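**Q** Residues per chain are reported as follows:
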Amino acid sequence: MTSLLHQLGHRYQWSLLSILEENSGDGVIVGPRYMGPETVSQIPHTLRARSLFDPQFFLPNTARGKLQDYSFFPDVLSGGYSTTDWNTGIALDCASRCLEFQRAFGFSALVIPTRFYEGMPSEFIPNQENQFVIPFLQSIEGSRINLPVYLQLILTDQMLRDETYRTGILNWATSFPELDGIYLIYHVHNRQKQIGNIDFLMGLMNFIAALKNANMAVFVGYTNTESILLLCAGPDAVTMGSYENLRMFGLRSFEKENGSVTRGPNARVYIPRLMDWVDYQYIGAIGRVVGNIDEYIDDDNYRIRMFEPFYNWHFTKPEPYKHYFKSFTQQFQRIASSSDRELLENVAYECQQALEEFRVLRSSGIVFPPGNGGEHLASWMTVINLWRGDAYR
Amino acid sequence: MKMQEVRVDDVLAEFSAPIRLGGGGQKQVYRATHPVYGEVAVKIGRYSSQSELERISREVGLLQSIDSPYFPKQFLFEPRSGSRFCIVEELISGQPLEHHLGDFNEPYEALKLIRHVVNAMSILWSRRVVHRDLKPANIIIAYDHPRIIDLGIARMQDATSLTLSFVPFGPCTPDYASPEQLTNQKRAIDHRSDQFTLGIVLAQLILRGTHPFDPSVIGQGGSIPERILQNAWQRDAIQAACSPGIFALVEKMLGSKPYLRFRRYQDLSCEISHILEGDR
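In order, the protein sequences belong to chains A and B. Note that this note's numbering gives residue 1298 to position 123 of the first sequence, counting from 1, and the numbers run on in steps of one. Note that this note's numbering gives residue 323 to position 82 of the second sequence, counting from 1, and the numbers run on in steps of one.
Honestly, the hints are just simulated from the structure, not real lab data. These numbers come from a predicted model, not from an experiment. For glycine and all other residues, C-beta sits at the position ideal for the given N, C-alpha and C. Be a bit skeptical, because a hint or two may be false.
Here are some chain B residues the structure puts well away from chain A; computed CB gaps all over 12 Å [claimed, not checked]:
#1 Ser-367
#2 Ala-429
#3 Ile-430
#4 Arg-505
#5 Asp-508
Derived lysine-lysine pairs resembling PhoX-like cross-links, with alpha carbons at most 25 Å apart [what the hints assert, rightly or not]:
#6 Lys-268(B) with Lys-284(B)
#7 Lys-268(B) with Lys-1387(A)
#8 Lys-1492(A) with Lys-1241(A)
#9 Lys-493(B) with Lys-1387(A)
Sample of chain A residues with no beta-carbon within 10 Å of chain B, all distances over it, derived [as the list claims (entries may be wrong)]:
#10 Ile-1265
#11 Ile-1300
#12 Thr-1342
#13 Asn-1388
#14 Met-1391
#15 Arg-1537
#16 Pro-1545
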């Protein structure tokens, strides 16, 4: 059964409390951007043993935030990362320190980090191979670490949509017998909150299925609710996260600060029956249309607090996010535990139901903001139908 | 114009009882007796460039580093005057598989042979060496187990390529080449390319000698390499001739792209063992 991991970042405490106290989720993916080594060491060992550490080398020449506290981070290690100075000696030093950190802290596997590239660069494979993959594999070979090895791949939507490029990466990623799996992250340019691009979703699902067919474990990071759709392709794990930047991969929090002020998001609540997040201001209206909001928003301590008359909805308050972790875990695990034969149909049923719920709400006069009205669900149903019919595979 | 044969008399004078086994204009092969190594195969050839000499030298060096009964032992390698070279190696008695393609009555017998070849090739693959020309002519059927010969175009995956850049496809025998060799995608060539070639050989043995991509059987015209690029092979005939386990094996080995084949050579070996032991 596919696992559900917390992608940790800012407000990592919410995720940790959620999994440790309420058993929401199966593990975590730790990222150094917001957590120094001391903080990582405070995660219970038993939890680290079912979790991954993502070294987050996305932009290796920028050590922002807590990344500065890690001696293996390229920009810290070499006193300023540049591709020309990244020679074998530095790369091997980086690799051995980074791998030793993952081993010493008791994570379940070793993650070989790679960097982010925009678009579809022709040198993607040789650069990743020379700068990271080979040094890390050499370092593993020279060590006595006996853990599964996962290669991180950060792919853009263009890479995944283009069949030739996708094939090239698949041939390459499956060419290392030392690897046991892939830790996949995708970056969608100019994306909306939900992904509705059918070609991208089919390319992504094909990619995951091809890796599984090659007997590789597949962990998909930074996923939003499309993780339910991705179940059709059979990954080993997907993720959930509190803020959007943990559910939609982006570089903003890894880039050098430019002084611009980031506006906080509107507080939103996750509604399983809609398979989407809804702005809290719509909750009252939805309640009036459906009559019984209990069927829409799972009733628990968090909901009780959120529905108190003087609750101050704000993105810095934990209740909506902890509520999401709990609700989404229940929904996800219910579907993911389906038998192989029933899984696709159960995902389809969930999407079809959500599509219908949105239709009822709209026909009752509720007007959702653009991109927040379940538009992605029609695309998802199309993807499921194509996947079911084997048309793209 | 007939090419002048390479001069051999001065070299053979160092051996006794030479008997010609074969060869062409560029290379002659003799069976002879060496004062130290006894009965040996003597290959006397002509190289046309320094890179060709390097390639031959690499083949010999590779074989010298492998102490395996699956590969002929290499005793000597010497450049000779007149752009010639001389190789003295273990004499292998046996015939190339190309002369026995129709001799395998049962697919399981064919698979047993392929298991031997996979065992042999695992020695190379574990060193990240790709044979790139594992056709039936390079698999010698000996009394005990097959031998693999002609590693002349074998390539270390991380070695600098000696391949000429103007050839339309990489060094290979086109009728037994993988799609990535035919399209000269050097980066995509690894042990899975050899696996594809072995898939062709296995299918050909199952079909009692008919090439699985033979256009005269499949129809639609074209050549074998064209059919390989289209992944158009005789599925129905092979499916009818063997067990579902062997068919699934052939299908995976003949995957049109490397990532569709067995990722690790150990997985291929394991699958063959499972089939032969009746688990599939």
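**Q** Hint by hint, say whether it matches the structure.
**A** Checked hints:
1. Ser-367: violated, 9 Å
2. Ala-429: violated, 5 Å
3. Ile-430: violated, 10 Å
4. Arg-505: violated, 5 Å
5. Asp-508: It is violated; Asp-508(B) is separated from chain A by about 7 Å at its closest Cβ, not greater than 12 Å.
6. Lys-268(B) with Lys-284(B): Holds: Lys-268(B) and Lys-284(B) sit about 7 Å apart, inside 25 Å.
7. Lys-268(B) with Lys-1387(A): At roughly 47 Å apart (the allowed maximum being 25 Å), Lys-1387(A) and Lys-268(B) break the hint.
8. Lys-1492(A) with Lys-1241(A): holds, 23 Å
9. Lys-493(B) with Lys-1387(A): The hint holds at about 14 Å.
10. Ile-1265: Non-interface label stands for Ile-1265(A): nearest chain B Cβ at 20 Å, farther than 10 Å.
11. Ile-1300: violated, 7 Å
12. Thr-1342: violated, 6 Å
13. Asn-1388: violated, 7 Å
14. Met-1391: violated, 7 Å
15. Arg-1537: holds, 43 Å
16. Pro-1545: Its Cβ never comes within 10 Å of chain B, the nearest being 39 Å, so this holds.
Figure legend: structure checked against the earlier numbered hints; hints not met, in rising order: 1, 2, 3, 4, 5, 7, 11, 12, 13, 14.
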